[in-house]
Amino acid sequence: MPVFIEQQKYLIDYTLAALFRRKTRNLGLLLVYTLLVFLFASVLLLSQGLRREAAVLLQDAPEVIVQRLVAGRHDLLPAAWLDTLRQIRGVGEARGRLWGYYYDAAVKANYTVMAAPERKLADDRILIGAALARVRQLGIGDGFSLRAASGPPVLFKVAGVLEFSSELLSADLLLLSETSFRTLFQLPPALYTDAVLAVRNPREAAMIAQKTALALPSSRPILRSEILRTYDTVFDWREGITFLCLGSLLLAFLILAWDKAAGLSAEEKREIGILKAIGWETGDILRMKLWEGLLLSLSAFLAGYLLAWWQLFHGGAKLFSPLLKGWAVLYPDFQLTPTVDITQILILLAVTVLPYIVATLIPSWRAAIADPDAAMRG
Amino acid sequence: MHPRPLPRLRKSNIALSLLAVLLLLFGLTLMEAAWRYHTVGHTVDRALARELGLTDLSLVTEARYTRHPSQTDRHSPFQDYPAALEHFPTGSLFPPPPHLTPAPL
Chain C
2 MPVFIEQQKY LIDYTLAALF RRKTRNLGLL LVYTLLVFLF ASVLLLSQGL
52 RREAAVLLQD APEVIVQRLV AGRHDLLPAA WLDTLRQIRG VGEARGRLWG
102 YYYDAAVKAN YTVMAAPERK LADDRILIGA ALARVRQLGI GDGFSLRAAS
152 GPPVLFKVAG VLEFSSELLS ADLLLLSETS FRTLFQLPPA LYTDAVLAVR
202 NPREAAMIAQ KTALALPSSR PILRSEILRT YDTVFDWREG ITFLCLGSLL
252 LAFLILAWDK AAGLSAEEKR EIGILKAIGW ETGDILRMKL WEGLLLSLSA
302 FLAGYLLAWW QLFHGGAKLF SPLLKGWAVL YPDFQLTPTV DITQILILLA
352 VTVLPYIVAT LIPSWRAAIA DPDAAMRG
Chain D
58 MHPRPLPRLR KSNIALSLLA VLLLLFGLTL MEAAWRYHTV GHTVDRALAR
108 ELGLTDLSLV TEARYTRHPS QTDRHSPFQD YPAALEHFPT GSLFPPPPHL
158 TPAPL
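Chains as they are written, first to last, in my numbering: chain C, 2 to 379; chain D, 58 to 162.
With the rest of the complex left out, here is chain C:
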């Protein structure tokens, strides 16, 4: 065993000396390779992290939400619908929700405004999300005025800022009392934005949605499972689109790597010829070339992956925030929980490391099985 290890170390010594002879070319390749793995790994890890975050955070989302549709569009729901919904067998509780959007021209940001009766807020008090507080530089006790639908501004006092840890859910939230909500948006008392149903047996949620659609034909029930599926689709789609964009980069890299690895130069062929002439066996040459491919591609893979990990889970994912942000002013400052999918890592490894090793081995094998004399002559 020690002899075998020593033999491999001599092969690595030789390989590294050969790589250092073409320092600039190999370092450039290593850098591009690392960058490529970094980009792919970042997209994979980000999508995986967000997908898990959505699945965990939204597992307590309402079991069924009922919207009213008018001419195919979401409309306000009459309070009388709540009674009809409560009469559906299996429905434990039906309550109306009041929420909407408010565009703040001062900072060009959209807020999600929501009535929170459970918080028992006074009519002139609001609770705000952490990102909103950051953008508007607001703290507890500060005044904040919103323009009412009727025209005049309504002055509120910030009673609290929502937990920073829940920013992924509440970055743009503005919570207020039901009365304030209705005053702000000039909403009649018998209307709600939508209704939330609590179901006695969660396995019956789909059946209750069907019954709701029958009892209220202009309603649209949305199940929690559909909400969760929406986020799965969103992140799959985004991953797919980014991979499509990165695909051209991968192709360019594969051409570069193939050209570099597969097209042995006359000098490299002569080198193999000399090695054969001084007694190296074909197996030794292949082992040497295998080490070359392995050292370069595995180092690039690990370095790229580790950089992506650090950037996403310890560096605040700053690189990808513009992509997610779009034109939005409010963006949550969140810490993703690292999530690893071994299958995805193996696929990434197979896509990036294997082709390079194959591209290194095949031409060397061809040169190594040729006659040393012919190989030395190129």
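Simulated from the structure, these hints should not be mistaken for laboratory data. There's no promise every hint is true.
Said to hold, decoys possible - With a Cα cut of at most 25 Å, we get these calculated BS3-like pairs of lysine-lysine:
| no. | chain 1 | residue 1 | chain 2 | residue 2 |
| --- | --- | --- | --- | --- |
| 1 | C | K158 | C | K109 |
| 2 | D | K68 | C | K212 |
| 3 | C | K319 | C | K109 |
| 4 | C | K212 | C | K158 |
| 5 | C | K10 | C | K24 |
| 6 | C | K24 | D | K68 |
All values derive from a computational prediction rather than experimental measurement.
Since chain C is already given, all that's left is putting chain D on it; use the hints.
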């Protein structure tokens, strides 16, 4: 007496050590993921979602169909005027929710 010269570092030793460090760090990322999976609690966030009946992540707040993709209707991205095209940049990153898209034949 001359001091014994330090042994010269072999290139293979340096390369293998570097590779070992990278592999160790890679192993640590797997351990961190496993550890954080069990220790990071989302109790506060989940309680907030339960209390307010929150349905979506506030990840992209620029348009209502990207702020609440699960609550959107088919017309939301094209709502501005007849024949209007969807124009927010992140709209291209948000497909319509599966429950609004037709089932495959």
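Original post:
Holds or violated: are the alpha carbons of K24(C) and K68(D) at most 25 Å from each other?
Top reply: Holds - the C-alpha atoms of K68(D) and K24(C) are around 14 Å apart, at most 25 Å.
Subject >> Proposed proximity, K109(C) with K319(C) (alpha carbon, max 25 Å) >> reply: holds, 22 Å
**OP:** Would you check the hint for K212(C) and K158(C), treating anything up to 25 Å between C-alpha atoms as holding?
**Re:** Not satisfied, since the Cα-Cα distance of roughly 43 Å exceeds 25 Å.
Original post:
Taken at face value, is the distance from the CA of K109(C) to the CA of K158(C) at most 25 Å?
Top reply: holds, 21 Å
**OP:** For the pair supplied as a hint, K68(D) and K212(C), confirm whether the alpha-carbon distance does not exceed 25 Å.
**Re:** Between K68(D) and K212(C) the Cα gap is close to 73 Å, so the pair fails against 25 Å, i.e. violated.
Subject >> Given pair status - K24(C), K10(C), alpha carbons within 25 Å >> reply: Status holds; Cα separation ~20 Å.
In this structure, the hints that do not hold are numbers 2, 4, in rising order.
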